[in-house]
Amino acid sequence: MNANLISDLKKLLGPRSVLHEPEDLMLYEYDGSVEMARPDCVVFPRSTEDVVEIVRLAGRHQIPIVGRGTGTGLSGGAIARNGGMIVSFSRMNRIVAVDAENQRATVQPGVVNSDLSAAVEHLGLHFAPDPSSQKACTIGGNVSENSGGPHTLAYGVTTNHVLALEVVLPTAEILRLGGSALDAPGYDLTGLFVGSEGTFGLVTEITVRLTRNPEAVKTLLAIFDSVDDATETVADITARGITPAACEMMDGWTLRAVEDYIHAGFPVDCAAILLIDVDGLREAVEADAKDVAGVCAAHHAREVRVARDARERDLLWKGRKNAFGAAGRVSPSYYTQDGVIPRTKLPATLRRIGEIGKKYNLQIGNVFHAGDGNLHPIILFDQRNEQQFRDTVRAGDEILEFCIQMGGSITGEHGVGMEKDRLMPLLFAESDLALMRRVRDVFNPAGLLNPGKIFPTSKGCGEIYVRPQTAAAPTA
Amino acid sequence: MSASTAVAFSRLAEIAGEANVIRDSAELAAYRVDGLAPAAAVRPGSTEEVAEIVKLAARERLAIVASGARTKLGIGAPPQRYDIALDMTRLDRIVAYDPGDLTLGVEAGIPLRKIVAALAEHRQFLPLVVPFMGRATAGGTTASGVDSPLRQFYGTARDFTLGVEFVTGEGIAAKSGGRVVKNVSGYDIHKLMIGSLGTLAVMTRINFRTFPMPRQTRTFVATFREAEAACAFRHAIAGSALRPQSLEILGVGSDGADILGERTGLPFEAGRWIAVVSCAGNEQVLERCRQELAMLARNAGALESFDEVSGEIRAKIGSCVAEFPAAILTGAPNAAIFKIAALPTEMAELARAIQSTQTPWALMMRGLGVAYLALMPAASLESECQRILGLAGKPPWRHVALPWCPASLKSGIDIGALQFPNLALTKKLKDVFDPAGILSPGRFMGAI
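Listed in order, the protein sequences are those of chains A and B. In this text, residue positions in the first sequence follow this note's numbering: the first is 2, and each later residue adds one. In this text, residue positions in the second sequence follow this note's numbering: the first is 528, and each later residue adds one.
Be careful, since some hints might not be right.
[Unchecked claim] Stretch by stretch, here's where chain B covers chain A in the computed footprint (C-beta under 8 Å, at least three residues):
no.	stretch
1	69-75
2	94-104
3	112-122
4	144-153
Keep in mind that the hints were calculated from the coordinates and are not lab data. We put the CB at the ideal spot given by N, CA and C, even for glycine.
From just these sequences and the hints, can you work out the full model?
Structure representation (structure tokens):
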């Protein structure tokens, strides 16, 4: 790395806001995915002005820039694939303004997702997107990846809650997109920007919608002796026109791992459970809970429990949200997929995932947003076993290929990043991707921003995936 | 017409078939946009034909305006050039409907009423209850960016459009998004299409998320003397546990009363503000809504006339709220209708500012802060329009657009010249999709 650039950056930000020693950089070479690459330096801006100057310097030195929140992403979005500079937003973590009456908040990108909800709880409000990593992940990261979460089934994903953005383009230009009032004039640039995975610009301020807390919530735990019964229940709930606030599924293997870890009270001798939230007015919640329980019973649920109080409900949800962590406790490494399928295809898809696991002799746990067909198979592997790693990636690809065959998608909320770029041609024609590249070039003409993401880097797909040479895989 | 243009028009028949090309000037009058008629109209029957036609037009630099039922072509600036009307109404099929998945894929030219009927069979619906509902198409509704009262609960098209297939200005068929309800693969290019007035691409297929139809809905009406009181009612609902499906506040100036009064059967008069709230749910939920809304209305200072409306009057009110621009234009074809966005807490200030205008007016404010202001034909109309456009950006006039403007005023009020943020970037995007500048040239703000 150019010594002049480091000294310029230190002059700009102060010596404690620039990391460039190998032992420091090691901490930034991975995120929540299985990918790795070491940046050349990491900088910590405190203001939009800092970001502008950083981008200017990077431009002058022609080095790549990669934005990063807290590195919880699951697709390698925050990894400096081609080296260069990581811009960490952890010090831009101020809630700038809360407008309770209009149900809006303006935040810096480094604000942790659940911190915002905690800060407005006394107002009876919350920020609806709730990724499982919400206690650690940042809202800037949520915007870049268009993150989801269990309750996005009823409330929508990040893009449905973002009203305005301040962004810095790689040209050092500051743009303000959208506005606090609805329907800003012009093309919907805010909608285009959300989910662009850090390839358009660096987000420096975000105005989001806050959602009123429901008056009542009921959490149901439905226990099944067969995975098919559980998946058919989900399809039937949707078909009957019931929209739960969340509808999650965990299979028996995952339940046992979670129960060992969290002691949430999940049954360990069943094939699958559904964790279902219904919320709204008291009267509606009563009726919906009864309807949901009825559908579960019709599909041979062994038992349907209703959480008695907030403590029990929180514990069940803690179990769900720590499922990945639980997998990390029992396996040296794991690989999480994010495929989406039409909900009616759940039973067939889960069967197929089981077959793929058998074929490669891999343990695959399933924990996912069943209500919207967003699967998270967790494939366990040991990174020291090269063959097993290759099989893991192949199994993951086969699962996603099946999702595409079912009319679905390769990612519902984690992003394409550097993990699934090679699969994009299965979903999009070359002309679609060419158009997307040209749209990217409007914002990021020199390709300095988060290079090597989203778009396949080599021709075609299905080539043998070579694992990056790294020391250790992450645990969650 | 140059010789090559004449050849180009004859090529249209080769692409779409003789029967689907219109050259007769009397028939072409139906495709006029702001008084300008095209030289030809063509009705493609497939995406491939659309692509061929656009390619041809790009090669010959012929300007295309795509349209469906042509109910909202008045929105936007007059086209700078207009050679070919691309009539999308033959692309009117439901391509995929999976009730169990709550997803729907349609061709862009399909009438919304056809969607309504197909979905109703499975007790589902699309929350697009928009002006000219009886004729409007899915593509026209999406491209024009009109909203629906149901946005209070369900959001706008951007919230439930899952993906779009389209043909760019170079005649390249492409897509973004997908068919499933959750998907973050690739850029959300389809969001750009919503409200773009056909200036980026010709949409050929749109995938929507559908919704289960509520078991029951009810509509309540509360009347207030002051806009402040009506807005206080709105704020009280927003702060309550109720989640209404729609919430509108309507008011009129002294001469604006007739149209809304006739259309709704409600006692509109100057100095009266009427709030219309719809709720959905089971019997107990709706009973609770009635009681709570009555209390909130009383606390906000409503006149004694809080009530549930039903039957014909409910239908009339519902249609007036959904069809506000259409209702106004039917009664006053030369009215100008603004779309104004304020923060919800600024709505009362907006209403007050409007009350002082000398031009006859009618106003509908949605609970989310988006308002439609109709100014009736009057000598002062043009100057009043200019004045209001000049207020854009100053709260409560945070965003001001003039979607419906009589053609006669469009020479005086250059809608195409209206400035908005990020114009340079917007132009670059336009160039990516339509480098030859043949798709609805000049129709969008900023002369795009």
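Results for each hint:
1. 69-75: violated (count 0)
2. 94-104: holds (count 4)
3. 112-122: violated (count 0)
4. 144-153: With 4 residues close enough to chain B, the hint holds.
Hint check: violations occur at hints 1, 3; the rest are consistent with the structure.
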